[in-house]
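S.K.: Protein chains in written order, with the UniProt record's numbering: chain A, 1 to 299; chain B, 1 to 179.
Just so you know, these hints were derived from the structure itself, not from any lab.
Glycine residues also receive a C-beta, built at the ideal position from the N, C-alpha and C atoms.
Careful, some of the hints might be misleading.
Stated by the list, open to error - Listed next, the in silico BS3-like pairs over lysine-lysine satisfying Cα-Cα at most 27 Å (straight line):
{"no.": "1", "chain 1": "A", "residue 1": "Lys180", "chain 2": "A", "residue 2": "Lys96"}
{"no.": "2", "chain 1": "B", "residue 1": "Lys143", "chain 2": "A", "residue 2": "Lys180"}
{"no.": "3", "chain 1": "B", "residue 1": "Lys114", "chain 2": "A", "residue 2": "Lys96"}
{"no.": "4", "chain 1": "B", "residue 1": "Lys146", "chain 2": "A", "residue 2": "Lys180"}
What the hints assert, rightly or not - So the derived label-pair ranges between C-beta atoms look like this:
{"no.": "5", "chain 1": "A", "residue 1": "Leu78", "chain 2": "B", "residue 2": "Met176", "range": "49 to 57 Å"}
{"no.": "6", "chain 1": "B", "residue 1": "Lys157", "chain 2": "A", "residue 2": "Glu240", "range": "54 to 62 Å"}
{"no.": "7", "chain 1": "B", "residue 1": "Asp154", "chain 2": "A", "residue 2": "Lys71", "range": "39 to 47 Å"}
{"no.": "8", "chain 1": "B", "residue 1": "Ala160", "chain 2": "A", "residue 2": "Thr58", "range": "47 to 55 Å"}
{"no.": "9", "chain 1": "B", "residue 1": "Arg100", "chain 2": "A", "residue 2": "Glu41", "range": "28 to 36 Å"}
{"no.": "10", "chain 1": "B", "residue 1": "Trp138", "chain 2": "A", "residue 2": "Asn273", "range": "32 to 40 Å"}
{"no.": "11", "chain 1": "A", "residue 1": "Gly182", "chain 2": "B", "residue 2": "Asp43", "range": "29 to 37 Å"}
{"no.": "12", "chain 1": "B", "residue 1": "Ala3", "chain 2": "A", "residue 2": "Thr60", "range": "15 to 23 Å"}
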Amino acid sequence: MATPEPAAAIQPPPPPADSTSTHEFPLPPILQHPSAAGPAELITQGAEGRLYRTSWLTPTRLCALKHRPSKPYRHPTLDARLTRHRILSEARILQKCRREGVAVPALYGIDESQGVLSMEWVPGRPVRVEVNEFLRRRAEKYPHGEGGRGREEVTRDEEGATPLVGLMRRVGEAVGKLHKAGIVHGDLTTSNMMVRPWEKDKGPVNGHHGDGEDDNAERSLEGEIVVIDFGLASQGSADEDRAVDLYVLERAFGSTHPRAEALFTVVLEAYRNTFKTAPVVLKKLEDVRMRGRKRSMLG
Amino acid sequence: MAAAVEKVELEHLPATHTVLLALYRDVANAGFLQEQLLSRNVDFEYAFVDASAVASRFQLLSAVHKAIAAEMAGISEAYRRYGVQPATKDVAVVKVLISREGAPSSLSPEDVEKHLQAHVQGESVACSDEELAKVTDWPKLRKYHKLNGLPWIDAIKDEAARKSELEMLIVSAMAMRGT
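Please construct the entire structure, taking both the sequences and the accompanying hints into account.
M.R.: Written out as structure tokens, the structure reads:
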């Protein structure tokens, strides 16, 4: 997390003038106690919860702390049951993924009564940022005066596309691994996947490529895909649900990275080889696309 | 001799709580320690942990954090038998000092250290990852946390990376326990 996200990314709010006491939102009780690492930093604010970056147990261990605050408009008993159910469900899914060797954040702690789930902080940047940065570098390298390539869609065979194609392949493999483990994510986007710099013993066998001037920038596309945010995830192995998962990712990918849309086929090709019924899922994806189109025609 | 008892300030704990850690090797009187816990001797309000079941300081502190959170929620007693058996060789000791209503805990870390040094017959060492790693019984830990039959873990060649994966799985499993 040493590298800040570029401007396109969601920026955390500026630190409040008077640390915790002026927080925009009420902090969960756990974050109201002292911390040597300083106040927690609000990273995202969604409909269901807030994500903070803070320390866990010791000042140097970072964690992602998810808080599902109680909803004042819900009946208190129902609210408590819903919150508890969702926190536990997400925790179980994280635990299941870890056991199956799917790269997800490790679970550090849960407090269902506070609506708090603490997880390992995943270093690196979202796939969304890496893809957009790649496209930006490409556009700079080939300004539109020179044949306009920088503004055209990326093709997998073009010069310099190898790192991006590799990233897409790893995205497909990561989703396949998740599905193989019996988990459907429910909200797959390139923001919900991190590119974590390779850890010991996990890197690709053939290591890095080339040593051109862009090597350092392109290397940021190297790394392990870590799927995050299982707030809408469920356990299940229905190929239909898996196909919908892929469809959601496909749509998100197309709208977030229109210039790289053609590379989504790489994701699907990699997915195809990850488990036995993956080809069936891809067949179903075709049906889901048709259905999606029909739905939009009916308006 | 270095202090036998280490004071640890855990993140996000009320300032009223102070965690003390100690580690003793080759303990000769584990049976006695267990008896004090079973008979609820108030002078022995410690968590005596069989250190062979501890993978790392992080795991130990995770357990401490969970116990304190549960105690604050009033759903569990803070001190209870935590694994020490008569045959236990190496013992990690956890003590949480709590000040109530502005009054400091009646015990100081020095009191605790004196008491432990007087009653635990073993060699005091730092409660560090390095020392804990010397006594960790991995086959036992893997069995206890149902971490066998995961071929992808055994396929990790780098020992530190493999242990780190196992450590995270143990911490996750402990977080889920009791929910």
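S.K.: Between Lys146(B) and Lys180(A), does the CA-CA distance stay at or below 27 Å?
M.R.: holds (21 Å)
S.K.: Do the alpha carbons of Lys143(B) and Lys180(A) lie within 27 Å of each other, as the hint requires?
M.R.: holds (25 Å)
S.K.: For a C-alpha distance cap of 27 Å, please report whether Lys114(B) and Lys96(A) respect it.
M.R.: Cα-Cα ~44 Å, so violated.
S.K.: Holds or violated: the 15 to 23 Å window for the beta-carbon distance between Ala3(B) and Thr60(A)?
M.R.: Holds, since Ala3(B) and Thr60(A) (Cβ atoms, about 22 Å apart) stay within the stated range.
S.K.: Okay, Asp154(B) versus Lys71(A) on CB: inside 39 to 47 Å?
M.R.: Given a distance of about 45 Å, which is inside 39 to 47 Å, the answer is holds.
S.K.: With respect to the beta-carbon atoms only, verify the hint that Arg100(B) and Glu41(A) lie 28 to 36 Å apart.
M.R.: With Cβ atoms ~32 Å apart, the hint holds.
S.K.: Holds or violated: Lys180(A) with Lys96(A), Cα cutoff 27 Å?
M.R.: Within the cut-off at roughly 12 Å; holds.
S.K.: Can you tell me whether the CB distance of Lys157(B) to Glu240(A) sits inside 54 to 62 Å?
M.R.: violated (39 Å)
S.K.: Is it true that Leu78(A) and Met176(B) lie within 49 to 57 Å of each other by Cβ?
M.R.: Taking Cβ atoms as reference, Leu78(A) and Met176(B) lie about 24 Å apart, which means the hint is violated.
S.K.: With 32 to 40 Å as the target window, see if Trp138(B) and Asn273(A) comply at their CB atoms.
M.R.: Distance hint for Trp138(B), Asn273(A) holds at roughly 34 Å.
S.K.: Gly182(A) and Asp43(B), beta-carbon distance inside 29 to 37 Å?
M.R.: 50 Å Cβ-Cβ, so the 29 to 37 Å window is violated.
S.K.: Assuming the hint says 47 to 55 Å, is it satisfied by the Cβ distance from Ala160(B) to Thr58(A) or not?
M.R.: Given a distance of about 19 Å, which is not inside 47 to 55 Å, the answer is violated.
Hint compliance for this structure: hints 3, 5, 6, 8 and 11 are not met, and every other hint is.
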